[in-house]
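In order, the protein sequence lines correspond to chains W and B.
By my numbering, the letter at position 190 of the first sequence is numbered 212, and the numbering carries on one by one without gaps.
By my numbering, the letter at position 359 of the second sequence is numbered 381, and the numbering carries on one by one without gaps.
Incorrect hints may appear among the rest.
For chains that are exact copies, the list does not tell them apart, and a pair is met inside one copy or across any two.
[To be verified] DMTMM-like, lysine to aspartate or glutamate: derived pairs with alpha carbons at most 20 Å apart: (1) K24 <-> D101; (2) K466 <-> E129; (3) K466 <-> D370; (4) K80 <-> D33; (5) K466 <-> E52; (6) K466 <-> D45.
It should be emphasised that the hints constitute simulated quantities derived from the structure, not laboratory data.
In case you want the letters, here they are:
There are 2 protein chains.
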Amino acid sequence: MKLKAIRMGIDTHQEFVVYIRADAAVVRAEGFTSSVRVMISDERQEAIATLNVVDADKLEDGCVGMSNALWDVFDPEHDVAISHAPVVSSMSQVRAKIYNRHLSAPELSDIIRDIARGYYSDVQISAFLSACAGSRLSLDEITSLTSAMVNVGHRLTWPGISHIYDKHCIGGLPGNRTTPLVVAIASACGLVVPKTSSRAITSPAGTADTMEVMTPVDLGIDDMRRVVESTGACLAWGGAMGLSPVDDLLIRVERILDLDSKGQMVASVLSKKIAAGSTHILIDVPVGATAKVRNLDTAHGLMASFEHVGNALGVHVQCVITDGSQPVGNGIGPSLEARDVLAVLRGDAGAPEDLRQKSLELAAHMLTMGLGLAYDDAWEKARQVLDSGQALQQFERICRAQGGFTEPVPAPFTRVLAAHQDGHVNAIDSRRIARLAKLAGAPKVPVAGLDLHVKLGDRVSKDDALLTIHAQTEGELDYALLYYLHNRDMIFLEDKPCPAS
Amino acid sequence: MKLKAIRMGIDTHQEFVVYIRADAAVVRAEGFTSSVRVMISDERQEAIATLNVVDADKLEDGCVGMSNALWDVFDPEHDVAISHAPVVSSMSQVRAKIYNRHLSAPELSDIIRDIARGYYSDVQISAFLSACAGSRLSLDEITSLTSAMVNVGHRLTWPGISHIYDKHCIGGLPGNRTTPLVVAIASACGLVVPKTSSRAITSPAGTADTMEVMTPVDLGIDDMRRVVESTGACLAWGGAMGLSPVDDLLIRVERILDLDSKGQMVASVLSKKIAAGSTHILIDVPVGATAKVRNLDTAHGLMASFEHVGNALGVHVQCVITDGSQPVGNGIGPSLEARDVLAVLRGDAGAPEDLRQKSLELAAHMLTMGLGLAYDDAWEKARQVLDSGQALQQFERICRAQGGFTEPVPAPFTRVLAAHQDGHVNAIDSRRIARLAKLAGAPKVPVAGLDLHVKLGDRVSKDDALLTIHAQTEGELDYALLYYLHNRDMIFLEDKPCPAS
Numbered sequence: 023m024k025l026k027a028i029r030m031g032i033d034t035h036q037e038f039v040v041y042i043r044a045d046a047a048v049v050r051a052e053g054f055t056s057s058v059r060v061m062i063s064d065e066r067q068e069a070i071a072t073l074n075v076v077d078a079d080k081l082e083d084g085c086v087g088m089s090n091a092l093w094d095v096f097d098p099e100h101d102v103a104i105s106h107a108p109v110v111s112s113m114s115q116v117r118a119k120i121y122n123r124h125l126s127a128p129e130l131s132d133i134i135r136d137i138a139r140g141y142y143s144d145v146q147i148s149a150f151l152s153a154c155a156g157s158r159l160s161l162d163e164i165t166s167l168t169s170a171m172v173n174v175g176h177r178l179t180w181p182g183i184s185h186i187y188d189k190h191c192i193g194g195l196p197g198n199r200t201t202p203l204v205v206a207i208a209s210a211c212g213l214v215v216p217k218t219s220s221r222a223i224t225s226p227a228g229t230a231d232t233m234e235v236m237t238p239v240d241l242g243i244d245d246m247r248r249v250v251e252s253t254g255a256c257l258a259w260g261g262a263m264g265l266s267p268v269d270d271l272l273i274r275v276e277r278i279l280d281l282d283s284k285g286q287m288v289a290s291v292l293s294k295k296i297a298a299g300s301t302h303i304l305i306d307v308p309v310g311a312t313a314k315v316r317n318l319d320t321a322h323g324l325m326a327s328f329e330h331v332g333n334a335l336g337v338h339v340q341c342v343i344t345d346g347s348q349p350v351g352n353g354i355g356p357s358l359e360a361r362d363v364l365a366v367l368r369g370d371a372g373a374p375e376d377l378r379q380k381s382l383e384l385a386a387h388m389l390t391m392g393l394g395l396a397y398d399d400a401w402e403k404a405r406q407v408l409d410s411g412q413a414l415q416q417f418e419r420i421c422r423a424q425g426g427f428t429e430p431v432p433a434p435f436t437r438v439l440a441a442h443q444d445g446h447v448n449a450i451d452s453r454r455i456a457r458l459a460k461l462a463g464a465p466k467v468p469v470a471g472l473d474l475h476v477k478l479g480d481r482v483s484k485d486d487a488l489l490t491i492h493a494q495t496e497g498e499l500d501y502a503l504l505y506y507l508h509n510r511d512m513i514f515l516e517d518k519p520c521p522a523s
Numbered sequence: 023m024k025l026k027a028i029r030m031g032i033d034t035h036q037e038f039v040v041y042i043r044a045d046a047a048v049v050r051a052e053g054f055t056s057s058v059r060v061m062i063s064d065e066r067q068e069a070i071a072t073l074n075v076v077d078a079d080k081l082e083d084g085c086v087g088m089s090n091a092l093w094d095v096f097d098p099e100h101d102v103a104i105s106h107a108p109v110v111s112s113m114s115q116v117r118a119k120i121y122n123r124h125l126s127a128p129e130l131s132d133i134i135r136d137i138a139r140g141y142y143s144d145v146q147i148s149a150f151l152s153a154c155a156g157s158r159l160s161l162d163e164i165t166s167l168t169s170a171m172v173n174v175g176h177r178l179t180w181p182g183i184s185h186i187y188d189k190h191c192i193g194g195l196p197g198n199r200t201t202p203l204v205v206a207i208a209s210a211c212g213l214v215v216p217k218t219s220s221r222a223i224t225s226p227a228g229t230a231d232t233m234e235v236m237t238p239v240d241l242g243i244d245d246m247r248r249v250v251e252s253t254g255a256c257l258a259w260g261g262a263m264g265l266s267p268v269d270d271l272l273i274r275v276e277r278i279l280d281l282d283s284k285g286q287m288v289a290s291v292l293s294k295k296i297a298a299g300s301t302h303i304l305i306d307v308p309v310g311a312t313a314k315v316r317n318l319d320t321a322h323g324l325m326a327s328f329e330h331v332g333n334a335l336g337v338h339v340q341c342v343i344t345d346g347s348q349p350v351g352n353g354i355g356p357s358l359e360a361r362d363v364l365a366v367l368r369g370d371a372g373a374p375e376d377l378r379q380k381s382l383e384l385a386a387h388m389l390t391m392g393l394g395l396a397y398d399d400a401w402e403k404a405r406q407v408l409d410s411g412q413a414l415q416q417f418e419r420i421c422r423a424q425g426g427f428t429e430p431v432p433a434p435f436t437r438v439l440a441a442h443q444d445g446h447v448n449a450i451d452s453r454r455i456a457r458l459a460k461l462a463g464a465p466k467v468p469v470a471g472l473d474l475h476v477k478l479g480d481r482v483s484k485d486d487a488l489l490t491i492h493a494q495t496e497g498e499l500d501y502a503l504l505y506y507l508h509n510r511d512m513i514f515l516e517d518k519p520c521p522a523s
């Protein structure tokens, strides 16, 4: 019983869904009901999908509808057969983990292989993540998981280069765009830094979004290699390179559950880096009340795991705890963050000092790894490279190699929001600041976002500017404004200074 | 921004899904992407659903598509608004459980209330089930969960009757249709047994499917009450009565995960019974290699939990371990099981002795609870009531009160399958026997299924009949036959008898 495949035009994200008529012979013969898992196959390939039964008038007779992600996998020229999905044998290992059993490396490897080939529904991925959440994975298991995630994707190699540097930030801090600065400084000092970054998932900008304002970032692997060979670095989007592809599937379901899992975080970060061929990885761990890591205990536990797993897999990992109490820089949103990055590189008078200092600190840590310098000497070298303009030249060289440099432009609509009282800035809520920037249009609209004019501890007078909203349209500006007016306390003003600040 | 609701004609089971055009204003303004959770509301009600973004040509401008289950909830006359779903606050309790924290009664109650009102996606239900699986729920937590599940549904009361009897079997055994017999015997002895049963979910027949061959089972609560008042019992379908409705949602996801959770099983069974107003509950726990409970250790753990939770909630629970090594009775499938039940009630010469004996045993246990008799005296009373025809008369009375009795009819197509060698029947695989009956058409086709002609320990000669397949069409007969020919060892013949048999 072959069926003709039809594109349903329904986006179900990465989860495969097939739509079959209630009166189809295969539905009656196999006793299919909605939400069972079925196998779809033609001569060349097969996939497992979730079944949705549809009314007879929604689909032509003899056809099977495919969700967009599934459609992309199959060749519409070939008819497909539908049958009961085979039992996914690695689910018995997921159940074992749910029952608290330790999983071996081959067992975790089976699970990750089956997730990679689309055998798990979101419901099954959810069970796996729940079983591994909190501190349920031992360091051995995190190591095996990381290794399994690396192995199911592409893996970049850098023949003839023994040290490949990389950095990562455990997100949650708006405006924290140190990566372009650290990469420019470190590669200007001779380190090889083939940086691949992600676009924003839940934040107002990712490094790839910010870089895309200034230069093309959607490089193929060959282009990326050419850029790195000619400049010692790149600042590219890693999304299309197939590095640790299971990570994207897991992260999406983790986000639905809002699960915080040390093991998954370590495996997620390190699998991407190891797949990219990195040997030396610097990890920025901002700690703050509204950052992802909220206290030093959690930070230290995370650092120990990162370092253990890195060691076990033969890469050098160094973690740095940084201040996560407020956003970094002034701009929040792709273009505004690009503007800040350029201001620091160019030594502009108005360049945000916190972004400059944090970038120097991280670059110095990378240089201690790469050049064997003491921290103070490394910091001084980073400062010289930045202040002399060498970092700017290196940044421009990277952009040219990636396809040319474009200067960020300002947004057509802006609105300054002023303090409604005198006071001390005693708290800034990074989560609501990020939400405000997104409501203004970031990251989809690159020029959208906001400019923060105050920092923790500042004293402001009534009518002083606190922030400026930037937007592409008046509608989006109003939309963000409305949210701000209901959430003025995202910048928390009090009569007396907070003892801590 | 109001949108007109349209029925998409897509069955996504109980999970609510909304379909919105990629170019809809609300999608851009809210930054919606596929698989986010959204709130749909009109003046009267609201629901949370999973979003699927669709191509512009799949939906009229200004419309929002609804999956069938969601469509059933809303009144199409009123336009709806779509917004980001609020954070489901009880998910933080689910996360706490994932991190191994004990949940209090109010916390479990919050979770069950939110599941009941459709606030959880399947992915979130999966996380909850995974966190509670195995032995992760304490007896206190199982008690709280059971109680919470009772409280979100309808609850039957039986004014003026202090003792309400019920029975349940921890499934997995094809043909094990003791319920009509036990109910007839016990109610003929004066016990009040308002039995509600389910239809088959994964098995070839449920008690409701079997009873429906002989009498209407889809009674409203008022009809059921009338039947019980006039006869002391009923044998009705409980599915539409809204008893512990969350149980149905949980079971569906548990089935996808194939999770075996003691706590969930206890809460599932007892919540349905307590909601039905039962005070005395007999639980049949078949133990066997291919039954649901595979060994005595598991059975004893389960029994202890059932009895503890029953006590804590003020109901009397008695568990009985029975032989689960092979199917019970001869027929498997609604009509064939009905035929067996009638044969036992009528004392026919060919009545299956194992079904008769097991029903007498369970009825005797129920009579010890209800009449305060010693087990042997209770058994003898049950036997007398059965052999004297009183149980048959009582059964006919119940059927008449429910709307009349219909005699089961045979299937139009049958095929006898014979032994291909001499041998001893050393094992019967209940799971594959059940699958065979389902492939023949059971339970959807009531006359379909199979007749087993052998029992464990039997000695057969080549060409002796092992089983007969019954089907409504030749196609279905062939379909089942093909499966049998590939799985002949579901009835496992060996030259020597198995030491155990």
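Hint check:
When the C-alpha separation of K24 and D101 is checked against a cutoff of 20 Å, the pair qualifies only within one copy, where the shortest distance is 6 Å, while the shortest distance between copies is 41 Å. Proximity of K466 to E129 under the C-alpha cut-off of 20 Å is found in neither arrangement, the shortest distances being 40 Å within a copy and 39 Å between copies. For the identical chains of this complex, K466 and D370 are neighbours neither inside a copy (28 Å) nor across copies (77 Å), given an alpha-carbon limit of 20 Å. Taking the shortest alpha-carbon separations for K80 and D33, both the intra-copy value of 17 Å and the inter-copy value of 12 Å come in at or below 20 Å.
Taking the closest pair of Cα atoms, K466 and E52 come within 20 Å of each other only across two copies (12 Å); inside a single copy the shortest separation is 45 Å, beyond that limit. In this assembly of identical chains, K466 and D45 lie within 20 Å of each other by CA distance solely across copies; the values are 14 Å between and 42 Å within a copy.
Going down the numbered hints, you'll see the structure goes against 2 and 3, while the others check out.
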